[in-house]
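Visitor: In case you want the letters, here they are:
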Amino acid sequence: MSWVRRYRALIRNAWLVDLQYRASIVLWLLWGVTEPAIALGIWWAIAGSGTVSGYARADFARYFFAVMLVNQLTIAWDSWYLDRWIREGDLNFRLARPLHPVHEAVADNVAYKARTASVILVVWLVAAALWPAVRLQATPGRLALTMIAVLLAAAMRFFISFTTGLLAFWTTRATAIMELHAGLSLFLAGRIAPLALLPPAVASVAGVLWFRSMLAFPVDLLTGTVHGADAVLRGFASQIVWLGVWIVACRVAWTRGIRKYGAVGG
Amino acid sequence: MSAFRILSAFWRLNVAEELQYRANFVASVLGTVFYMATALLTLSLFFRHTSQLGGWDYWEIVVLLGVFNTLTGVIEAVLRPGIGSLVGDVRSGELDLVLVKPVDAQGFVSFRRLDVWRFSDIVLGLGLAGYALVRLHRVPTISQLAAFALTLAAAAVVVYAIWVLLMCLAFWFVSVENIAVLFDSVFEGARYPVSAYPGALRLLFVYLIPIAWTTTVPASALTGRLRPALALVAALVAALVFAFARFAWRVALRRYAGASG
Amino acid sequence: MANTPLVAAERLSKTFQVKVRDIGIGGAIRALVRPRYRQVRAVRDVTFGIDPGEIVAFLGPNGAGKTTTLKMLAGLLYPTSGRVHVAGFDPWTGGPAFKRRIALVLGNRQQLVWDLPPEETYQLNRAIYDLTDADYRERLEELVALLGLADVRDKPVRQLSLGERMKCELVASLLHRPPLLFLDEPTLGLDLTAQEAIRGFLSEYRDRHGATILLTSHYMQDVTALASRVLMINRGRLLYDGALEVLVARIARTKRIELVLAGGDGVTREGLSAFGEVKSFHFPNAVLEVRREDAPATSARLLAALPVADLSIEDPPIEEVIRQAFAQGGEEDDS
Numbered sequence: 000m001s002w003v004r005r006y007r008a009l010i011r012n013a014w015l016v017d018l019q020y021r022a023s024i025v026l027w028l029l030w031g032v033t034e035p036a037i038a039l040g041i042w043w044a045i046a047g048s049g050t051v052s053g054y055a056r057a058d059f060a061r062y063f064f065a066v067m068l069v070n071q072l073t074i075a076w077d078s079w080y081l082d083r084w085i086r087e088g089d090l091n092f093r094l095a096r097p098l099h100p101v102h103e104a105v106a107d108n109v110a111y112k113a114r115t116a117s118v119i120l121v122v123w124l125v126a127a128a129l130w131p132a133v134r135l136q137a138t139p140g141r142l143a144l145t146m147i148a149v150l151l152a153a154a155m156r157f158f159i160s161f162t163t164g165l166l167a168f169w170t171t172r173a174t175a176i177m178e179l180h181a182g183l184s185l186f187l188a189g190r191i192a193p194l195a196l197l198p199p200a201v202a203s204v205a206g207v208l209w210f211r212s213m214l215a216f217p218v219d220l221l222t223g224t225v226h227g228a229d230a231v232l233r234g235f236a237s238q239i240v241w242l243g244v245w246i247v248a249c250r251v252a253w254t255r256g257i258r259k260y261g262a263v264g265g
Numbered sequence: 000m001s002a003f004r005i006l007s008a009f010w011r012l013n014v015a016e017e018l019q020y021r022a023n024f025v026a027s028v029l030g031t032v033f034y035m036a037t038a039l040l041t042l043s044l045f046f047r048h049t050s051q052l053g054g055w056d057y058w059e060i061v062v063l064l065g066v067f068n069t070l071t072g073v074i075e076a077v078l079r080p081g082i083g084s085l086v087g088d089v090r091s092g093e094l095d096l097v098l099v100k101p102v103d104a105q106g107f108v109s110f111r112r113l114d115v116w117r118f119s120d121i122v123l124g125l126g127l128a129g130y131a132l133v134r135l136h137r138v139p140t141i142s143q144l145a146a147f148a149l150t151l152a153a154a155a156v157v158v159y160a161i162w163v164l165l166m167c168l169a170f171w172f173v174s175v176e177n178i179a180v181l182f183d184s185v186f187e188g189a190r191y192p193v194s195a196y197p198g199a200l201r202l203l204f205v206y207l208i209p210i211a212w213t214t215t216v217p218a219s220a221l222t223g224r225l226r227p228a229l230a231l232v233a234a235l236v237a238a239l240v241f242a243f244a245r246f247a248w249r250v251a252l253r254r255y256a257g258a259s260g
Numbered sequence: 000m001a002n003t004p005l006v007a008a009e010r011l012s013k014t015f016q017v018k019v020r021d022i023g024i025g026g027a028i029r030a031l032v033r034p035r036y037r038q039v040r041a042v043r044d045v046t047f048g049i050d051p052g053e054i055v056a057f058l059g060p061n062g063a064g065k066t067t068t069l070k071m072l073a074g075l076l077y078p079t080s081g082r083v084h085v086a087g088f089d090p091w092t093g094g095p096a097f098k099r100r101i102a103l104v105l106g107n108r109q110q111l112v113w114d115l116p117p118e119e120t121y122q123l124n125r126a127i128y129d130l131t132d133a134d135y136r137e138r139l140e141e142l143v144a145l146l147g148l149a150d151v152r153d154k155p156v157r158q159l160s161l162g163e164r165m166k167c168e169l170v171a172s173l174l175h176r177p178p179l180l181f182l183d184e185p186t187l188g189l190d191l192t193a194q195e196a197i198r199g200f201l202s203e204y205r206d207r208h209g210a211t212i213l214l215t216s217h218y219m220q221d222v223t224a225l226a227s228r229v230l231m232i233n234r235g236r237l238l239y240d241g242a243l244e245v246l247v248a249r250i251a252r253t254k255r256i257e258l259v260l261a262g263g264d265g266v267t268r269e270g271l272s273a274f275g276e277v278k279s280f281h282f283p284n285a286v287l288e289v290r291r292e293d294a295p296a297t298s299a300r301l302l303a304a305l306p307v308a309d310l311s312i313e314d315p316p317i318e319e320v321i322r323q324a325f326a327q328g329g330e331e332d333d334s
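Residue numbers (numbering that gives the first Met the number 0), protein chains in the order written: chain L, 0 to 265; chain R, 0 to 260; chain C, 0 to 334.
Warning: the hint list may mix true and false statements.
[Claimed, not checked] Below, simulated SDA-like cross-link-like pairs (lysine to any residue); rule was C-alpha separation at most 20 angstroms, straight line:
id, chain 1, residue 1, chain 2, residue 2
1, L, 259, C, 154
2, L, 259, C, 12
3, C, 18, R, 23
4, L, 112, L, 5
5, C, 18, L, 86
6, L, 259, C, 80
7, L, 259, C, 33
8, C, 154, L, 21
9, L, 259, C, 18
[What the hints assert, rightly or not] Rough simulated footprint, nothing fancy, chain L against chain C, three-plus residues with beta-carbon under 8 angstroms:
id, stretch
10, 65-75
11, 88-102
12, 120-130
Derived by calculation from the structure, the hints in this document are not laboratory data. We put the CB at the ideal spot given by N, CA and C, even for glycine.
Please work from the sequences and hints to get the whole structure.
Guide: Following this line, the structure appears as C-alpha cells:
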C-alpha cells in the first residue's frame with residue numbers, strides 16, 4: 000500500500016512539473032517529429048511510384064508514423080538527469096531519504112510518456128483522418144502484442160539511459176556516451192530506415208544486439224511486418240534477454256558507483 | 000571601435016578560460032567527426048537505393064553536408080553560447096548588466112561568448128566540401144568561389160537573423176527556455192537539397208521556413224549549379240532579413256524596458 | 000543504554016584520492032593512460048561522542064573537513080578508517096531504517112521541487128516516509144506555525160525568498176520528526192532576520208522534541224546562539240571539543256575596554272596608549288585592548304585619570320578569537 004502511495008505522489012509531482020513546462024515539452028516533441036518526417040520525406044522521394052526493398056510510399060508513411068509514436072513512448076532522458084544529480088550534488092538528499100532514486104526516475108518516465116504519447120496519438124488520429132496511407136489495419140491481438148513490446152522496449156531504454164547516466168560517477172562525459180549510443184541507434188534501431196533496408200550484415204548486428212528490441216521490433220509489430228509466430232516469439236525473447244542484461248548492468252553500476260561516491264564524494 | 004575592443008577583451012577571457020580544458024578540444028573534434036560520419040552513412044544508406052536525390056548525386060550532397068557542418072560550426076561556436084543564452088539572461092536579470100554598457104546591446108549580446116573549440120567544425124566542414132569537390136573532379140572558378148564565399152556569408156547572416164528573431168520571442172514567452180530546439184529541429188531539414196523534399200515538406204522547408212536554402216544555395220554556388228551573379232540576390236535577401244531582425248530586436252527591447260521598468 | 004552516545008565517532012579518518020592534473024595535451028593524455036593520484040587526508044583520527052538533545056556546531060575554515068565529517072555521519076560517505084555509530088546504526092549500511100531517523104539539510108542544495116509550491120514536496124515526503132494523515136497534518140501545522148510560514152503555502156518555490164526557501168526546506172526535512180538533524184550551513188546567504196528566525200526555530204524544536212542537532216556554519220552568531228558545544232576542525236584534525244566560552248577564555252588573552260568620555264580636555268591617542276593598545280579613538284568613543292588579567296586594574300586607573308561617562312569590558316569579537324585559534328592550531332602540522 001505504501002508503494003502505491005509513494006508512486007502516486009511521485010507521479011503527481013512529475014506531472015505537475017511537466018505541466019509548468021508544457022511549452023518546452025511541445026518543442027521537444029517537435030524535435031521528435033521532424034527527424035522521422037525528414038526521413039520519410041527522403042524515402043518518399045526515393046520510392047517514387049515503385050518500391051524500395053518491398054516498401055512503397057504508403058509503407059514508409061506507416062513505418063515512420065509508428066517510429067514517431069513508439070520512439071516517444073520508449074525514449075528515456077534519465078542519463079541527463081542522473082549526470083546532473085551526480086555532478087551538482089542533487090543526489091545527496093536523494094540518498095539521505097529512505098527511497099531508492101530509481102523510483103523517482105521511473106515515475107518521471109510514466110508521467111512524461113503519458114503526456115507525450117497522448118499528444119502524438121492525437122496527431123496520428125488527425126493525420127489518419129486526412130491521409131489514408133497512415134491508417135493502421137491492426138487486429139486487437141496485434142495491438143496487444145505491440146503494447147507488450149513497447150512496454151519491454153521502454154523498460155530497456157530506461158535501464159540503458161539510467162546505467163549510462165551512472166557513468167557520471169566515473170567520467171564527466173556520460174552524456175557524450177549517451178549521444179554516441181543515440182547515433183548508433185539512428186541506424187541500428189531503425190530510426191532512419193526500416194532495418195530491411197540496411198545492408199544485411201548491419202541489420203543482423205542490430206538484431207543480435209539490443210538495438211532492434213529498442214524500437215524497430217515494436218514498430219514492425221505495429222505495422223504488421225513481423226510474419227509468423229516464430230519471428231514474434233524470437234523478437235520477444237530478444238527483448239526479454241536484453242532487458243535482463245541491462246537490469247543487471249544497472250544494478251552493478253549502481254552498487255559500484257555508490258561505493259565510489261561514498262569513497263570520493265560528489 | 001570601442002565595441003570591438005570590449006568584445007575582443009571578452010573573447011580573450013573566453014579563450015584563456017577554454018584553454019584550461021584542452022580535453023574539450025579532443026572531445027569536440029571527435030564529436031564532430033562522429034556526427035559527420037553519421038550523416039555520410041545516412042546518405043550512403045539512401046544511395047544504396049537510388050542514384051540521385053532531388054537531381055543531386057552523392058558527392059554533390061556531400062558538398063552540401065560540408066556547408067551544413069560549416070554553418071553548424073557558426074551556430075555552435077557563436078550563436079548558441081551568445082544570443083542563445085538570451086532567454087536565461089532575461090530571466091536571471093543578467094541582460095540588465097548588458098544594457099547599462101555603453102555599446103550596441105544587440106551586437107554585444109550576440110558575440111560576447113564564444114565556444115572556441117567548435118570553430119573546428121567550420122574547418123572540418125570546409126574540408127569535407129573540398130574533399131567532395133575533388134571526388135567530383137571539379138575545380139571551382141574564381142567567380143564560383145567568390146559566389147560561394149558571398150552566399151555562405153549571406154547564409155550565416157540569415158541563420159543569425161533567425162536566431163535573433165527566435166530569441167526575441169523570449170521577451171514575450173519567458174517560460175520557453177529551450178526555444179532553440181525549434182531552430183534545431185527545422186535546421187535538420189537543411190541536410191539535404193531543397194529539391195529532394197516532396198509535397199508538404201517542401202512547402203514547410205522551402206517556403207514557410209526557408210532554412211533549407213542556407214545550405215542549398217552555397218553548395219550550388221560551389222558545384223556550379225548557381226549562376227555567380229545570383230549570389231548578389233542572396234546577399235540582398237540576407238540584408239533584408241538582417242534589417243528585419245534588427246527591427247524585431249528594437250521592439251523586443253522596448254517591451255523589456257516597459258515590462259521591467 | 001544511558002551513557003551510550005547517540006553519535007559516536009572513533010578515530011574517524013577519510014582520505015580522498017585526487018587526480019593530479021598535468022599541464023598541456025601531453026599531460027592530459029598521460030593522465031588518461033596512467034593517472035597519478037595525490038592523497039588528501041580530509042579527516043584524520045577524529046574521535047567524539049554526542050549525547051541525545053545536544054546541539055553541536057562544527058567550526059572550521061573552508062575545506063577543514065566539516066562537511067566530510069557530516070557526510071560520513073549521514074551515511075553519504077564511508078570512512079577510510081575508524082568507526083562511526085549513529086543512532087544504533089552504521090550509517091553506510093543502515094539503509095531505510097537509518098534514513099528514517101535522520102534529516103540532512105544542505106544549505107546550498109535543496110530538495111524542494113523548484114517549480115511547485117512547497118506543499119507538493121511535503122506531500123511527496125509524506126508518502127516517502129509513510130506518515131499517517133493525522134501525523135502529517137499535526138506536524139505540518141506545528142512546523143508551519145513555528146516558522147511563520149502560513150502565507151507561502153501555494154507559491155512555487157522559485158518565487159520564494161531565500162529565507163522562506165530554507166524554512167520550507169526545514170519543514171520538508173522534519174515532517175518525519177527525525178531524532179537527529181544534520182545541517183550543513185543552514186543559514187548560508189540569509190539576511191539577519193531570517194538567520195535569527197532559523198536559529199530560534201532550531202532551539203525551540205530541540206526543546207520540544209529533544210532532537211539532537213549537528214550543524215556547520217560560517218556565522219558565529221549561529222554557533223553562539225545555538226550550540227552548547229563546539230567541535231573545532233582544521234585540516235581534518237579535531238583541535239577542540241567543548242564549550243565555546245571555555246575556548247574563548249583559553250584563546251583570548253586580551254579583553255577590550257570600551258570607553259565613552261565625558262569631556263575632551265587634553266585626551267589624545269598618545270595619552271590613551273599609556274593604558275593599553277588603542278584599537279580605535281573617535282572622540283568621545285575609544286576602544287583599548289589590554290591583557291586579560293590586567294583588565295580590572297586598568298579600568299580602575301582609567302576611571303581615576305579620565306572624565307569617563309561610560310566604561311565596559313568585553314571579550315574580543317568571537318570571529319577574531321576563532322581566527323587566532325586556527326592560526327595557532329594550524330602551525331603545528333602539515334603534509
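Visitor: Compare the structure with each hint and give your call.
Guide: Going down the list of hints, with the structure as the test:
Restraint check: the Cα-Cα separation between residue 259 of chain L and residue 154 of chain C comes to about 38 angstroms, which exceeds 20 angstroms; the hinted pair is violated. For the hint pairing residue 259 of chain L with residue 12 of chain C, the CA-to-CA distance comes to about 17 angstroms; that is within 20 angstroms, so the pair holds. For a cut-off of 20 angstroms, the pair hint linking residue 18 of chain C to residue 23 of chain R stands: about 18 angstroms separates their Cα positions. For the hint linking residue 112 of chain L to residue 5 of chain L, the alpha-carbon distance of about 19 angstroms falls within 20 angstroms, and the restraint holds.
The hinted pair formed by residue 18 of chain C and residue 86 of chain L meets the criterion: a straight-line CA distance of about 16 angstroms does not exceed 20 angstroms. For a cut-off of 20 angstroms, the pair hint linking residue 259 of chain L to residue 80 of chain C stands: about 16 angstroms separates their Cα positions. Taken as a hint, the residue 259 of chain L and residue 33 of chain C pair is honoured in the structure, with Cα atoms around 19 angstroms apart against an allowance of 20 angstroms. Taken as a hint, the residue 154 of chain C and residue 21 of chain L pair is honoured in the structure, with Cα atoms around 19 angstroms apart against an allowance of 20 angstroms.
For the hint pairing residue 259 of chain L with residue 18 of chain C, the CA-to-CA distance comes to about 14 angstroms; that is within 20 angstroms, so the pair holds. Interface restraint, the stretch 65-75 of chain C with chain L: holds (5 residues with C-beta to C-beta distance below 8 angstroms; minimum three). With a threshold of 8 angstroms between beta carbons, the proposed coverage of the stretch 88-102 of chain C by chain L holds, since 8 of its residues qualify and at least three are required. Three residues within the 8 angstroms Cβ limit are the bar, and the stretch 120-130 of chain C against chain L gives 9, so the coverage statement holds.
Hint violations for this structure: number 1 only, all remaining hints satisfied.
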